[in-house]
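**Student:** Single-letter residue listing:
2 protein chains.
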Amino acid sequence: MMEEIVKLQHHVVMLQQQISPENSNPPPGKEQQAAGVGILLQIMMLVLSFVLGHVLRRHKVYYLPEASASLLIGLIVGGLANISNTESSIRTWFNFHEEFFFLFLLPPIIFQSGFSLAPKPFFSNFGAIVTFAIVGTFTASVVTGVLVYLGGLTFLMYRLPFVECLMFGALISATDPVTVLSIFQEFGTDMNLYALVFGESVLNDAMAISLYRTMASVQSHDSSGKNFFMVVIRFLETFVGSLSSGVGVGFISALLFKYAGLDVENLQNLECCLFVLFPYFSYMLAEGLGLSGIVSILFTGMVMKHYTFSNLSENSQRFVAAFFHLISSLAETFVFIYMGFDIAMEKHSWSHVGFIFFSILFIVIARAANVFGCAYLVNLVRPANRQIPVKHQKALWYSGLRGAMAFALALQSVHDLPEGHGQTIFTATTAIVVLTVLLIGGSTGTMLEALQVVGDANDGPLGESFDGNTGYIAPSYDEGTSSGSRLKMRLKEFHKSTASFTALDRNYLTPFFTTQNGDVEEEFGKT
Amino acid sequence: MMEEIVKLQHHVVMLQQQISPENSNPPPGKEQQAAGVGILLQIMMLVLSFVLGHVLRRHKVYYLPEASASLLIGLIVGGLANISNTESSIRTWFNFHEEFFFLFLLPPIIFQSGFSLAPKPFFSNFGAIVTFAIVGTFTASVVTGVLVYLGGLTFLMYRLPFVECLMFGALISATDPVTVLSIFQEFGTDMNLYALVFGESVLNDAMAISLYRTMASVQSHDSSGKNFFMVVIRFLETFVGSLSSGVGVGFISALLFKYAGLDVENLQNLECCLFVLFPYFSYMLAEGLGLSGIVSILFTGMVMKHYTFSNLSENSQRFVAAFFHLISSLAETFVFIYMGFDIAMEKHSWSHVGFIFFSILFIVIARAANVFGCAYLVNLVRPANRQIPVKHQKALWYSGLRGAMAFALALQSVHDLPEGHGQTIFTATTAIVVLTVLLIGGSTGTMLEALQVVGDANDGPLGESFDGNTGYIAPSYDEGTSSGSRLKMRLKEFHKSTASFTALDRNYLTPFFTTQNGDVEEEFGKT
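Chains as they are written, first to last, in the numbering used here: chain Y, 14 to 540; chain V, 14 to 540.
Incorrect hints may have been included.
Examples of chain V residues toward chain Y, derived with CB under 10 Å [unchecked claim]:
no., residue
1, Gly-66
2, Phe-151
3, Thr-152
4, Val-155
5, Val-159
6, Phe-294
7, Phe-336
Calculated lysine to aspartate or glutamate pairs in the DMTMM-like style (CA-CA distance at most 25 Å, straight line) [claimed, not checked]:
no., chain 1, residue 1, chain 2, residue 2
8, V, Lys-73, V, Asp-276
9, Y, Lys-73, Y, Asp-276
10, Y, Lys-73, V, Asp-276
11, Y, Lys-360, Y, Glu-199
12, V, Lys-73, Y, Asp-276
13, V, Lys-407, V, Glu-359
Heads up, incomplete: computed chain V residues facing chain Y, CB under 8 Å, no partners named [what the hints assert, rightly or not]:
no., residue
14, Tyr-75
15, Phe-332
16, Leu-390
17, Leu-393
The hints are simulated quantities; they were obtained by calculation from the structure and are not laboratory data.
C-beta atoms are modelled at their ideal positions from N, C-alpha and C, and glycine is treated no differently.
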């Protein structure tokens, strides 16, 4: 009896510790003061990151890009806070909450990715990007998952159930666009390579999160492996559903701004308020429907840039472009600081060094399977003068650093999976993120120079083989069809459908959704 | 023994219920889906409010201003959600969290107030505004508190301890600037009246929150009435400390932007990022120091507009002005929706109708004491041609509607005070907020017309007696000093100090903190 009481009392203490500070009853203002200190520290780190990033860029220090600098600042401050005995109420303001990340930090970053997408190189490489992002990420996830599972079976590393291996494979396949791309921009590389890396890294986040969620629901319902096709179908449902809801919201916004007549002088504020609410609306609509908000907001961004944007007044256009740029760069920098801080604060189970070592090896192999495999498929269908050169494939393979998305999903896996498993995955992911951000981020410049892909667009030895200006929809289909293989024909059909999409856009969508008549898009759609 | 176990088990259940949803373990994605639905609803209400507000303005329906419309939308949707059985996980996304209000919604609103302050009419009425805001709010708080206490003693209403009465007095003395001012702008009223109403309502929020916090700390330490002077001194410490930290941060930002050389073409994003972080920094610095963030950010806003703003590049100036306008109008609209929703959802103790009735009566009296009393003081010192006319006093008295600040403080009092007391105060405040927003907000236009203070600035019967362009620093002090009363002399000294401030600003501050040499400020500072 006594034991029971002691146990219960222990339980009470544990629960009381779990209760978030809002629910307890501290002296008035005290709680807010702690929050103030926490947020103050975060703002100071943000300012420091911006200033440091600026100084580094100005002095052309490419081996420490802004994202790495932010991560390091977070790590250092987190380490200091860990050594000193910071009040736990301040500490709660620093923990990485996946919810906060998914609901408030991620949407602006992804929207900005879609919104800032240069339509021409993106669409002229659309087939390749989709192949890398969908087929490639799927391949990488499965390869990683299977290798980790086999590693577990052969006692090379910590043993996880197969579904959990696939979850790990999915979450670790999400590459981060931020750091590599800023360096690409700085160096000025081939536009097609840039479009490939950018498009792939944005879309594969969406793919990885969908895969992870699908696997997580399989895991929690314990119907693992029961029906592989059901899993694929559920995934496709999510993906297509999210895509359509995103595109739908984008189209609605285009029509609203076309007909509401808000583009007059004194309504600029109203116009901008409504414009900035739409992306978030799209994200939350998809989440509320149980779909993927990130896929949805990405496509909303693309549609809004392409159609809605041109219906705005000129002042509002300038404003919203600067607004989304500002918000997303704040969110991005904050994510890296936050991540660094949390990595320094969280408890890690470093006992499984083997797991970390082998998973790094496996993701390198899996990314190779993704990039070189998909590049082979793409090259099968592309005419000789549009092949993806091996140098670009290597650059793409190298630029797969893991960032906030992998981290956030790993943190979620700590909640989703049984005790030790989630912790192991989390620690491994953390190590991979820190290593890849610092190493790959720091060496991308060197890599680009070594591969001789530096320099603007189409000059240099690669110029003639990879000319963006001739457009993707090259008039060379008939000769290709003779090669006969069925796969090749399928791929070409898909290829053609992107061409006809461009025509559809020019002839119907642009005139319908914008106040333009499609002529201004001529340049973009020319064959 | 058995009883003890049962008690403990009960405790465990209670604690488990208190644990916020993040800590429990719902199926993956489920929690996020609920959040998605909650936020989605909020965005839809926001869009609805903006559209409705626009339509109402266009059709010149002044008896339902935007804030009232937002409040009504919140009330209606909240009522519907209350009737239908909404999932509690969605519901948690709607509760009015004072922390969220104070940390994320209030700062942009108050900063924008300071930032958009037209310096000329504000500074030329500075003495009057400060008198109304500080002396007046203090008077109103004490009068309300004492009357409520006396009401309790004479069994007219629910009886509260004296300190709690003063807390109620403080929180209910915070008037809301939003609604009335938008109507003032719409009608176009005398600039001096506008400056008085605006300045008073912004500064008195800061005053009320400082008073409330001071009283709350007195209440929690149970040292009530022990030392009245200590209370006053603590209040002054808070107020002066917050003011200095706000002004200090503003000056630092001005120097940073003056010397950092960020006003070149391609650094606009960095410039804007840093600029938007400063106000928040100021707010959190003050909160972290245990001071009042709202006072601090208000003055940061004023300083940043006056000095820092002119150091920005032209594009960034346009951008940040639009940015703060956008953010604050989103926050404002959201606050009214949120408040309406929460009022409909919370449990209220309607048993104390008497308390509500008499407190409405008392705040009307207290506001009269504030406005007419302070106007008397101000008129004592002003030359005959600058007296505040009785019509303006009446308009000022009438425009004291209570809004989000009172509501948030009342909600906090539920945590700060013993069970029934906080609940009574909260219900009364809620009723007062809804009544004043709907009634005063709806009738301000009629009131302005009835008092014949409609029409731009200095024409009409009031023109000659109240001319803003002659400036506040009128050359008529010497003749006034002969009247002799000591109070009057004190007031005049204060009066003169504002005049010398203008000179200080023109000759030293503006040249030091901005790239201008002070000449452009000539117009503003002219006597």
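**Student:** Indicate, hint by hint, whether the structure satisfies it.
**Tutor:** Consistency of the hints with the structure:
no.: 1; hint: Gly-66; result: holds (8 Å)
no.: 2; hint: Phe-151; result: violated (20 Å)
no.: 3; hint: Thr-152; result: violated (24 Å)
no.: 4; hint: Val-155; result: violated (20 Å)
no.: 5; hint: Val-159; result: violated (22 Å)
no.: 6; hint: Phe-294; result: holds (5 Å)
no.: 7; hint: Phe-336; result: holds (7 Å)
no.: 8; hint: V:Lys-73 / V:Asp-276; result: violated (42 Å)
no.: 9; hint: Y:Lys-73 / Y:Asp-276; result: violated (42 Å)
no.: 10; hint: Y:Lys-73 / V:Asp-276; result: holds (20 Å)
no.: 11; hint: Y:Lys-360 / Y:Glu-199; result: violated (37 Å)
no.: 12; hint: V:Lys-73 / Y:Asp-276; result: holds (20 Å)
no.: 13; hint: V:Lys-407 / V:Glu-359; result: violated (35 Å)
no.: 14; hint: Tyr-75; result: violated (18 Å)
no.: 15; hint: Phe-332; result: holds (5 Å)
no.: 16; hint: Leu-390; result: violated (32 Å)
no.: 17; hint: Leu-393; result: violated (37 Å)
Figure legend: structure checked against the earlier numbered hints; hints not met, in rising order: 2, 3, 4, 5, 8, 9, 11, 13, 14, 16 and 17.
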